[in-house]
Amino acid sequence: MSKLSKEVVDLIKDCASIKIVTTTDENGNPHAAFKGCLTVLEDGNLAFAETLEGSQNNINLVRSLWFDKNVQLTVRGKDGKTFQIKGKPYKYSYTGPLYKKFYLAARKKRGQDSEISGVWVIVPEEVRDETYEARKKIEDELHPFFRHFDRESVLVK
Amino acid sequence: MNCTRSLGILTGRVFWLNKIMKGENRMGKNNGKLGVEELVSKYPDISRFIILKLDVQKRGIELTENAQEAVQDSKYRFRPRSAAYSGDDGSKKANPGPLLLRDGTTVLSGAGLKYEDPYRVHHVDGKFFLFDKGKKIEEVDFTPRPDYYGKKTSRGVPMESIASARPQRLDISPYRYCHFWDTGDQCKYCAFFTDMEEQRQLADKNFPKVIDPEDIYETVREALKEPGRISQINLTAGADYSGDPPFENEVNRYIKVLQAIGRNFKSRRFPSQLIAPAYTKRQIKRIYDETGLSSYCPDIEVWDEKLFKWICPGKEKWLGRDHWIKSALDAVEIFGKGNVYTNFVAGAETAKPYGFKTIDEALKSNFEACEFFSKHGVVFLSLVWRPWKSSKFAGQKQPPLEYYVRLVKGLHEIRKAHGLTSDNDDYKHCGNHGDSDLERID
Amino acid sequence: MSKNNGELNLKQVAEKHTDFPQLIIRKIDTALRGVNFTERAVKKAWDLNALYDAAPELETKGAGLVFGGALFRDGTLVQGVESISSLRGRILRKDKAAPYTLDAIDGKLWLLDDKQPVEEIDFVPIPEYYGKKTSRGTPMIKVVRTGPPDCLNVNVYGYCLFWKEKLPCKYCCFQESLLREGLHTQESLDDIYETVSEALKEKGRWTGMRLIAGSDFRGKTPYENDSNEYIRVLKTLQRSFGTKNIYARLVASAVPKEHLERVKEAGAVAYEPHIEVWDKKVFGKICPGKAKFFGWQYWVDNIIDAVKVFGRGNVCSQLVAGAELAQPYGFKSVEKALKSNLEGVEFLAQHGANVSFCVLWVGQGSVFFAEKQTAAPLEYYVRLAKGIRDIRKKYKLAVDFNDYRRCAIHPDTDLARLDYNEVSYEPVGAGEGR
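Chains as they are written, first to last, in this note's numbering: chain A, 1 to 157; chain B, 158 to 599; chain C, 600 to 1033.
Pulled out of the complex, with its shape left as it was, chain A reads as follows:
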């Protein structure tokens, strides 16, 4: 069963959403990149095109797949609804139907002198609602001692 709820899928498929993939390099340096083309495949996995073979993002993704590291995807809707998806790169395609679909889409968007390097398929492992209100609720429940005493929920005056 997919780890992604309908709400998350809809948010990812919404063109107006901001989508970011975050990876780390060999030394743990983080790298974040916008991935407007991020989508959900029929099997519930996530896919996005990597434009440049030599990009830091692509290198980090290869390393993540080779050495079993997680990457993180963040999607934020225009109303502030935000989800963070932790996952593992499962597959990299630079030939075949999935690749061709993204390739042609990139061409259409950026013109004839454009291309993609390949398509990354990510298996989502954990989804977290990162919307401010949701995180705040969880934090208050899990760590009530972290609140400042002058907050409304602590001090009623």
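Keep in mind that the hints were calculated from the coordinates and are not lab data.
Treat the hints with caution; some may be incorrect.
[Unchecked claim] Restricting the straight-line Cα-Cα distance to at most 30 Å, the calculated cross-link-like pairs of lysine-lysine (DSS-like) are:
hint, chain 1, residue 1, chain 2, residue 2
1, A, 100, B, 382
2, A, 86, C, 993
3, A, 69, B, 292
4, C, 765, A, 137
5, C, 834, A, 136
On the provided structure of chain A, position chains B and C as indicated by the hints.
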């Protein structure tokens, strides 16, 4: 350049060699016993995918019946089965193209051939899986059939008989014969030109020794119509040393072919590689000036001087090891650093009875070669040796998997230290070198 | 190995324990070695509103300076800054260990080790309510003091009957007030109400509230008097907060379960009964008062019972780490001491209770001071902190109310910052949920 003098430089630079050899000598006598997973643990900085690739290259694959059926689908159907290398059941079923691992690593698996201890490929729930001794190892896929397959040139020649496809590359053999075989001087590991049955079947009765450059032009043109499919064109063929100086006729032929291919491109140079004999500097210059070729690859095959003479008698005869080395170095002055390659058949240098007795010796020799070539801007790449049935080395034992792991690791480190990359011969533009695959995370 | 032999210095400890944060090692080292302020640092502290001269209000002579606190770059508290407080000269340091120096260089504050800057430091400003008075004219600083960086400390009562019984904990520093029995009057409770109410006006400042007292074991049942006084103060704080539950912890004696329920009813949400020393025999020698009133088993049972009242993760005992190595009372080797402590930590964790530790300070007025005892080696504290963190992590125990910010004197709870996302309020330990 005098090659003997160049070789003398080797004694002065041993840093990388020492580093690589020293680290690995701790292995002791366990060489040759370790499988993929054990080596993944032992070499945590080497991707499991690459270690698996090396093992699959070494051992080959066999398709189960259901996988064989699945690759008859038009999406995968590549070419008729061949008896070229080691004998086959003679059925007319199609074979798939190169194997693809999840990370995009290509394995030129040679499906349809006979191996002693192959991995098995099953087809389960619409997906292919690699199995080893009954255990599921990895999800895999096969290279999709390109759109130009099944089409013919205006002269009626099937295009797939002109160019075969890898995931991102076209392979073209403009001359289907190797004259080293005429005198029994073929390289001892070679089986490539003993049987052209596969191409013969594809070309039906239209199977000339020399392919018409116009057929090549049309095939490339058609192949390039498929969006995002091709990013490299590779030419290689059997050796034809006729002409004065030697290989002159071959050079003229390649120039015509490359010019024909070049008509498909707007840019002066196009992504391409010519794997060919060692030409003179003048011949190399002509090819560079008169065509759009972007890289040149005179394969040294075996680095050790004595073993080169023994294993590659044709190359020794035409025109000798020093010339092959000099040719590669000369080519750097023309094509530029990193645009000249030379391959070697890794493991052949351990063939009996004259080969290296230990893998440490073999590795030492190969790392010396890599250091030497890297210093001169030449990319020295490994290929996994298989003792084909039709080759003189048939029946020989390959080195253990760990040899290949140590080899690709060492070659990669040496080239990296010299700032050399294999962009024109990497996982995507070639896919046959475990060492250049490793560059993806650099 | 005896506790004073073969001690590694900070650099050696850091090299040996690469998975342990260097800043926390440094913090422990400041606690062990102390920190002296240069004149420039004192001036900077005044400039940054991190010093307050409370001498007139506290009616003391000379030693009335109150320091806001010093923090490392990560927010961890710098310990051992007594040189600028009333504790100046009253802590016994190891002979070899030269103190750190806190200096102001080019406008920034630096911790110097052997004259070399090693860490940049920040000061914590004094709270806004200092200098103000209650409606009765009581200086608020006399009513409630702060524990940097985020905590308000409310004194429930100041005496300790263990001293009166001549059975003090051996590391405890004597002050006259410890013998002076006295409880809050309605006026002094009103002072607390007004002071806390005033303190809460400072936005974004307070996330911790600690109620502290000595020990009074008297009453119809053990420690009944003790709990009664806590309840009086808690009810006062409820007025200040305007809420039933106060995010406050009681640092208290081993109050029986029936009283803990009353205390909880009065608004307390977390509880700290300090066992001080885990080993039963050594406990008896170091903490004779606690041993008499009413024994090691009584105190341990109390910790476990408290979890049933306050919930897992809301109870935390404490070790005065190093005291268990004091001779001739304690362990002869750090290995044995560590083993004992971690066994205790794990045992209590299995029941949902935390244990933290503080570094032993040998202060003037204590039995230990007279005996010239010293703290344990730096590496001992590092290993202990690491061991406690591992156990806490294993049992997914939260220790939020007693962490780097809300208490700041426990190297092990400083490490809890790394595990905030892994806590569970569901039973994990073998002894929980029975």
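Exercise. Are the Cα atoms of residue 86 of chain A and residue 993 of chain C separated by 30 Å or less?
Worked result: Holds - the C-alpha atoms of residue 993 of chain C and residue 86 of chain A are around 23 Å apart, at most 30 Å.
Problem set entry | Hinted pair residue 834 of chain C and residue 136 of chain A, Cα distance within 30 Å | Within the cut-off at roughly 29 Å; holds.
Exercise. Would the pair residue 69 of chain A and residue 292 of chain B pass a check requiring their Cα atoms to be no farther apart than 30 Å?
Worked result: Distance ~24 Å between residue 69 of chain A and residue 292 of chain B Cα, so the pair holds.
Problem set entry | Hinted pair residue 765 of chain C and residue 137 of chain A, Cα distance within 30 Å | 50 Å, violated
Exercise. Going straight from one Cα to the other, do residue 100 of chain A and residue 382 of chain B come out at no more than 30 Å?
Worked result: With Cα atoms ~13 Å apart, residue 100 of chain A and residue 382 of chain B stay inside 30 Å; holds.
Hint compliance for this structure: hint 4 alone is broken.
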